[in-house]
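J.: So the chains spell out like this:
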Amino acid sequence: MSYIAKPSAHHPALPRNALGLTRRDYEGSMSTLCAGCGHDSITAAIIEACFEMDLPAHRIAKVSGIGCSSKAPTYFLSRSHGFNSVHGRMPSVTTGANMANRDLYYIGVSGDGDTASIGLGQFCHAVRRKLNMTYIVMNNGCYGLTKGQFSATNDKNSPSKKGEANPFDAIDLCQMAIQLGAGFVARSFSGDKRQLLPLIQAAISYKGFAFIDVVSPCVTFNNHPASTKSYEYVRMHNMASENKLDYVEPKEEITAEYDEGTSTSVELHDGSQLMLYKIGEGHDPRDADAAIHTIRTNAAKGTIVTGLLYVNEDQHDLHDVLGTDERPLNGLPMSELCPGSKALEGINARLR
Amino acid sequence: MQASEIAARARKRGRTPPTDIENPQYFHKVVDCQWACPTHTPVPEYIRLIAQGRYSAAYMLNWESNVFPGILGRVCDRPCEPACRRGRIQVGDEGNAKDPSKKNAEPVAICRLKRVAADYKGDIDNLLPAIPTEKNGKRIALIGAGPASLAVARDLMPLGYDITLFERDPVPGGLMRTNIPSFRLPANVLDEEVGRILDFGVKTLFGAEIKSLKAMLGEGYDAIFVGTGAPKGKDLELPGRKEAAANIHIGIDWLTSVAFGHVEKIGRRVVVIGGGNTAMDCCRTALRLGAEAVTVTVRSPRKVMKASDWEIKDALHEGIPILDNHAPKSFVVKDGKLVGMTFEKMVQTGVDAKGRPKLEASGEIVTIDCDDVLMAIGQENAFPWIERDIGMTFNEWGQPAVDRKTFMSSIPGVFFGGDAAWGPENIIWAVAHGHQAAISIDAYCHGRSLVDRPKPGHTLVSQKMGIHEWSYSNNYDPRNRQAVPHATLEASLKNLKLEVELGFDDKIAAREVERCLNCDVQTVFTDNLCIECDACMDICPVDCINFIENDDEADLRMALRVPALNKSQDLYVSGPLKTGRIMAKDEDVCLHCGLCAERCPTGAWDMQKFAYAEAQAASACLSHHNAYLSA
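Going down the list, the protein sequences come from chains P and X. Oh and the first sequence: position 159 is 159 in the numbering used here, straight run, nothing missing. Oh and the second sequence: position 325 is 325 in the numbering used here, straight run, nothing missing.
Chain P extracted, bound-state conformation (with noise of 0.2 angstroms):
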């Protein structure tokens, strides 16, 4: 944290979107996580996602549990609406808001406490309703807030800062999420803006349960160098399925080389893309079990597989399962949201 606020004044020559707004009215207030947190790299990954889709913030739902990761929504899109539920608790929370008001963009922002122990559960049916939202995991594999204890997804041979061997296994969120059902997975890194920029506006194009699941280096606990959390280890033992990644919005024209046998292309249900470079010896992101193979082998190797791991593009999300009304419900007149007594004397006598 600092004293003093981030300074108003900004780039004069500082671009601006379709919107009018420069990246800067998508940011929130001074982050007060500790300096080099990974979180901070990956709230101005979101700033920048949001800014360069042009997205009004008030159309933007931030939700989030608890920990360190969870108090990032504060440091994005202060203009939007926002939720930080009880921990664990976020997928709940983002269910209930979404059911609500559909025309919603939903960004959950929890870490890998969060996630992977006390929200165990709660993830895995968010996921398995097909809940349309960008589900992001700030994943330190460590307690943070409470001074560095292991998560439950630090890898067992990794130590902690003060050499302390870690007895478990790490719960991988990725092949979870794979195996629940969930129709955009993606892996990426806090200190590579390039190929985590083109995922997040990949994630919130995508109608359905988008997860991504970031690594992102705890400055304070999990920085060491036997940690397999840290900047040097992930930078040393990333394996991108993708070269390049490339989110091409609906608007605009793909200018880029597109050559069949090293590049394909997501096409996103709002129209945009996401362009895939070079899958060298990787998978087809389309195939779950290929996505799970490949996540797996090169775990057992010591590296980390990230980018665009699985992707459905057929997935209907929770509204289309469930058939519900097209419109929110703050768009509904009241005699339809509330249809009378009559009403439900006739839904409870058929109940009868």
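I should point out that these hints are in silico values taken from the structure, not numbers from a laboratory. Treat the hints with care, as some may be off.
Think about it this way: if two alpha-carbon atoms lie no more than 30 angstroms apart in a straight line, the pair counts; the simulated DSS-like pairs of lysine-lysine are [claimed, not checked]: (1) X:K214 <-> X:K354; (2) X:K102 <-> P:K6; (3) P:K193 <-> X:K578; (4) X:K345 <-> X:K358; (5) X:K103 <-> P:K6; (6) X:K98 <-> X:K497; (7) P:K147 <-> X:K135; (8) X:K358 <-> P:K6; (9) X:K578 <-> P:K244; (10) X:K578 <-> P:K147; (11) X:K345 <-> X:K242.
Stretches of chain X that chain P covers, calculated by requiring three or more beta carbons in the stretch to come under 8 angstroms of a beta carbon on chain P [what the hints assert, rightly or not]: (12) 464-474; (13) 559-565.
Note that CB positions come from ideal geometry on N, CA and C, so glycine has one too.
On the provided structure of chain P, position chain X as indicated by the hints.
T.: Chain X alone, transformed into the frame defined by chain P:
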């Protein structure tokens, strides 16, 4: 790998070599105001001293650099202000006097803060350098008692020189006294600062016009300094000039006559020809001498007028119309007396290669009735008193050839400075010349090389006080530039001597100082500490910092988060980082807020104060600078 080797490799591969921050001129250039100041006054440092209420210390730091803080705090040409970084960040609501369609940038009011130091200082006599009672046996003659000569005297007196000052006028000050009206620069301010130097024991001969350099050379001085300014106003040979001579005045000569009380009134209707600061002084003086209708005419468009924006504004504020695109054609004479002037209106037909407007006569003739004409169309130096047969080399424009570095003419021991050297500049340049000439004179008198100039002093010291604490006020204050209070128009126009600008009081000054960005507190980057976490890039409020693949500088500039289009500002480029990328920082609009250093987990960024002081002839004149360098 050695830094030089890394740089050589980068160059070989068409990439930008790492910035050499060991070269003091790199960080010096980042301090835009200090860099732009001809005497390199440490502006942010004295502004911090004012912020602390240490007015005398702020004054002394100024005095050591620019010799005349009270004078310059009123009438300096202020090259520091257009250079001020704040002006590139903040644009105010106030229109530009030359181009009303443009809004003025809002640099820190550096000049007015300088005046605050002068106005609020305490007794500084005990802070001045000691003058040795035992002289060094060298005799120096200074010709002309303007700022250049006075600066030479200030720099040499503490070294024990025996200095004699020759001045044509009955009082010292030169152009500062004769050409700057006292409603802009009161005589008591001038007397104080000029007197301080003369009181060091300078021998003075007033009313002593030097008529022959040859004779001076025979007087046995060890060195002679010519600081005679540019005393010759230009004239316009137009029809009617001779017949109307009684009512046509050369601007600077007329201002001198007013200054000495020889002229106390002027005609009812006055036309001033010219678009420089002298024209602004002439028209405002005419108004105070009782003229009822004063009109300024300029040949070129308003946009390219030479006068400072603020001086044009002051003239307009006093109700003086400025007619641009008016080329003087003739003086209208009736019954042997001036009754008006004719002008031909000009039209702009485009711009020349240098971006200046190309003008063509439109054929439209305008007549302005008037009783007096003041010509302020430029001035030049003149040396009728330098014999052409004494071995001095003159250039193609008939001016003595003066070495740009040593300030010595082709006659060994004869030095030039101020406007006398290369034509009209301004006071602050004259002082800068004086410092350099003094160094040369001292070297010359002691048989040292004049070409080997003494090196500037500089230090770079961390300002970190705690985890998020710095020794300077790093917060950005979004406030607009503070306006300076003026005397009422009614009172001003009645009194030639009443100072129009009242200066900042301590409360206004306390607000203005916070606008200074402390550009001398540098962002210093140590590449081998960086873990490339992006924290600095993400927090930087002005998107200066980039982690990027290296390239040649032109491409690198375009590839930054916000392209670095202002090429007058440097890129700060690091050596290769662990991922092979580099850190590239565009210095252009950095706020020096220190957030990059606060967000850095490894201390790769640090905020370090860069203190820089130019060398002078006498180190005794740099005691406050030496304290500043070692603080």
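J.: With a C-beta cutoff of 8 angstroms, work out whether three or more residues of the segment 464-474 of chain X approach chain P closely enough for the coverage to hold.
T.: Holds, because 3 residues of the segment 464-474 of chain X bring their Cβ atoms closer than 8 angstroms to Cβ atoms of chain P.
J.: Need the status of pair P:K193, X:K578: alpha-carbon distance at most 30 angstroms?
T.: holds, 16 angstroms
J.: Check whether the Cα positions of X:K578 and P:K147 lie no farther apart than 30 angstroms.
T.: Since the Cα atoms of X:K578 and P:K147 sit roughly 28 angstroms apart, the hinted pair holds (cutoff 30 angstroms).
J.: Assess, step by step, whether the Cα of X:K98 is no farther than 30 angstroms from the Cα of X:K497, and give holds or violated.
T.: Status holds; Cα separation ~27 angstroms.
J.: Count the residues of the segment 559-565 of chain X with a beta-carbon closer than 8 angstroms to any beta-carbon of chain P: does the count reach three?
T.: As far as the segment 559-565 of chain X goes, the hint holds, because 3 residues have Cβ atoms under 8 angstroms from chain P.
J.: Against the 30 angstroms threshold, does the CA-CA distance of X:K214 and X:K354 hold or violate the hint?
T.: Not OK: X:K214 and X:K354 at ~42 angstroms, beyond 30 angstroms, violated.
J.: Straight-line Cα separation of P:K147 and X:K135 no greater than 30 angstroms?
T.: Outside the cut-off at roughly 72 angstroms; violated.
J.: Mind checking the alpha carbons of X:K345 and X:K358 for me, to see if they're no more than 30 angstroms apart?
T.: holds, 13 angstroms
J.: Is the Cα-Cα distance between X:K578 and P:K244 30 angstroms or less?
T.: At roughly 20 angstroms apart (the allowed maximum being 30 angstroms), P:K244 and X:K578 satisfy the hint.
J.: Holds or violated: X:K345 with X:K242, Cα cutoff 30 angstroms?
T.: holds, 24 angstroms
J.: Tell me if the straight-line CA distance from X:K358 to P:K6 falls inside 30 angstroms.
T.: Given pair X:K358, P:K6 is violated - Cα atoms ~47 angstroms apart, limit 30 angstroms.
J.: Would you mind confirming whether the straight-line C-alpha gap from X:K103 to P:K6 stays at or under 30 angstroms?
T.: Holds. X:K103 to P:K6 sits at ~26 angstroms (cutoff 30 angstroms).
In the structure shown, a violation is registered for the earlier hints numbered 1, 7, 8, in ascending order.
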